[in-house]
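Numbering (UniProt numbering), first residue to last: 1 to 419.
It is worth saying that the hints were derived from the structure and are not from the lab. Bear in mind that the values here come from a model prediction, so they are computed numbers and not experimental data. Fair warning: there could be bad hints in the mix.
Here are the computed lysine-lysine pairs in the DSSO-like style, where the Cα-Cα straight-line distance is at most 30 angstroms [unchecked claim]: (1) K153 - K128; (2) K98 - K153; (3) K184 - K146; (4) K77 - K153; (5) K153 - K184; (6) K146 - K209; (7) K313 - K399; (8) K399 - K256; (9) K399 - K153; (10) K209 - K399; (11) K128 - K146; (12) K146 - K342; (13) K313 - K256; (14) K77 - K286; (15) K153 - K104; (16) K286 - K313; (17) K128 - K104; (18) K184 - K399; (19) K342 - K128.
Computed spacing ranges between beta-carbons, pair by pair [as the list claims (entries may be wrong)]: (20) G179 - L379: 18 to 24 angstroms; (21) N222 - D278: 19 to 25 angstroms; (22) G75 - Q147: 34 to 40 angstroms.
All residues carry an ideal CB built from backbone N, CA and C; glycine is no exception.
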Amino acid sequence: MTPIPRLPATGRRTALLGTLGGVAGFGLARPALAQSGQPIRIGMSMPLQVQLGRDARAALGFAVEEVNARGGLLGRKVEVAFADETDNTEAGVNGVRKLLNDDKVDALVGHYTSGTFLAAMPHIARAKRVTVIVGASSPAIADRVKQDYARYKYIFRTTMNASNQSADVLDFVSGMLVGELGLKRIGIVAENARWAQDIATLLVEGAAKVGAQVTVNETVDNSTTDFSPILSRVRSSGAQFMMTLLAHSKGDLLTKQWHDTRVPVLWGGIDGRAMDADYFNLVDGKCLSMIAANFAVRAPITPRTIPFFDSFKERTGHFPSYTAWTSANGFHVYAQAVERAKTLDADAVVAEMERTNYEGVEGRIEFDDRHDARSGPGLLNYVFAQWQPNGERVVLWPKAIRSGAMIVPPWLSDARTPG
Numbered sequence: 001m002t003p004i005p006r007l008p009a010t011g012r013r014t015a016l017l018g019t020l021g022g023v024a025g026f027g028l029a030r031p032a033l034a035q036s037g038q039p040i041r042i043g044m045s046m047p048l049q050v051q052l053g054r055d056a057r058a059a060l061g062f063a064v065e066e067v068n069a070r071g072g073l074l075g076r077k078v079e080v081a082f083a084d085e086t087d088n089t090e091a092g093v094n095g096v097r098k099l100l101n102d103d104k105v106d107a108l109v110g111h112y113t114s115g116t117f118l119a120a121m122p123h124i125a126r127a128k129r130v131t132v133i134v135g136a137s138s139p140a141i142a143d144r145v146k147q148d149y150a151r152y153k154y155i156f157r158t159t160m161n162a163s164n165q166s167a168d169v170l171d172f173v174s175g176m177l178v179g180e181l182g183l184k185r186i187g188i189v190a191e192n193a194r195w196a197q198d199i200a201t202l203l204v205e206g207a208a209k210v211g212a213q214v215t216v217n218e219t220v221d222n223s224t225t226d227f228s229p230i231l232s233r234v235r236s237s238g239a240q241f242m243m244t245l246l247a248h249s250k251g252d253l254l255t256k257q258w259h260d261t262r263v264p265v266l267w268g269g270i271d272g273r274a275m276d277a278d279y280f281n282l283v284d285g286k287c288l289s290m291i292a293a294n295f296a297v298r299a300p301i302t303p304r305t306i307p308f309f310d311s312f313k314e315r316t317g318h319f320p321s322y323t324a325w326t327s328a329n330g331f332h333v334y335a336q337a338v339e340r341a342k343t344l345d346a347d348a349v350v351a352e353m354e355r356t357n358y359e360g361v362e363g364r365i366e367f368d369d370r371h372d373a374r375s376g377p378g379l380l381n382y383v384f385a386q387w388q389p390n391g392e393r394v395v396l397w398p399k400a401i402r403s404g405a406m407i408v409p410p411w412l413s414d415a416r417t418p419g
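Could you build all of it, start to finish, from the sequences and the hints given here?
Encoded structure:
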């Protein structure tokens, strides 16, 4: 088993656990109980060699530490086992099998890559382990739950699926790009991955309905390092805004090349690396003016958002990637379901998971009949935040929570900007 990260000073750790308890909420505080019986084991499969995987591991560790400080789950200590999902499907599936068969975990929290998770689903179904997805977004996952509920009912997702993400992206295109900026020509740059192609297809189909036109739809291989041909085609297509759909691709290189060649096209979209709070420093500030979609930023989205961000930074030295709060949320949703069920029996826990009504860091979590987190007002939504000077992120969309005025790169200083 992998040890849970700890702070060196006991008093400081206890104080911070209290803060994290207020934001990640396991339930009503209760006195610590004597922990007895075999430990409850939680397995996490994530790409641990990258920041979003490391942040997920840290956040799960903090959440488990909090629960153990309160007496454990059902009076039993909680332990965590980790597997590195990597970027290889076979290795990722083998990691899940290790957690299920060797570590004999009671539940799974994690999973970032949709293709890997889809390949692992039969193993999870056979093991009948409640599983909470914190990153993988392909709608095909929930399709299987809907189509074969008896087999796949153990699988839930506490982040937005690609269909809901595409709806929010279209809302951004319609409301801000077309509605406020008058930018109707969109160029899409999507990586060669199931989730990204799903969203790209939905964007192409939905653009005309919101008054926009897709001028080019580029597919990027994850190994691409020279983006100049793609940037050239986007530019020559007449696109006024470049919408990226990237998670595994080298978006940092795209960012630097866009900046260094002064491409006269505003841009933004989904980029897993640009979601990281330290991205501005990683790319030497060359993401300035990029409008990056995220599930939350340090803004008053819910009463728990800012406290979670601040507590995580105090414990780790940096603000969290989105997988940090989706992992913490995922574990607490599972833990509360176990407490309500008063058992680890998977079918009983599934019944309680389906009744979830949990205020998370980025919105309220409720599950639909496909075990996807619902999206909409007060629930989970994309936040479009722009990278501005000194690495500040300013929320531009939804307009209701806009926190500042939009800026543009200096070579596009004549562009219209909403305030």
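Against the structure, the hints:
no., hint, result
1, K153 - K128, "9 angstroms, holds"
2, K98 - K153, "21 angstroms, holds"
3, K184 - K146, "36 angstroms, violated"
4, K77 - K153, "26 angstroms, holds"
5, K153 - K184, "42 angstroms, violated"
6, K146 - K209, "28 angstroms, holds"
7, K313 - K399, "27 angstroms, holds"
8, K399 - K256, "28 angstroms, holds"
9, K399 - K153, "37 angstroms, violated"
10, K209 - K399, "21 angstroms, holds"
11, K128 - K146, "16 angstroms, holds"
12, K146 - K342, "27 angstroms, holds"
13, K313 - K256, "26 angstroms, holds"
14, K77 - K286, "46 angstroms, violated"
15, K153 - K104, "20 angstroms, holds"
16, K286 - K313, "23 angstroms, holds"
17, K128 - K104, "12 angstroms, holds"
18, K184 - K399, "19 angstroms, holds"
19, K342 - K128, "18 angstroms, holds"
20, G179 - L379: 18 to 24 angstroms, "23 angstroms, holds"
21, N222 - D278: 19 to 25 angstroms, "22 angstroms, holds"
22, G75 - Q147: 34 to 40 angstroms, "38 angstroms, holds"
Taken one by one, the earlier hints fail for this structure at numbers 3, 5, 9 and 14, listed in ascending order.
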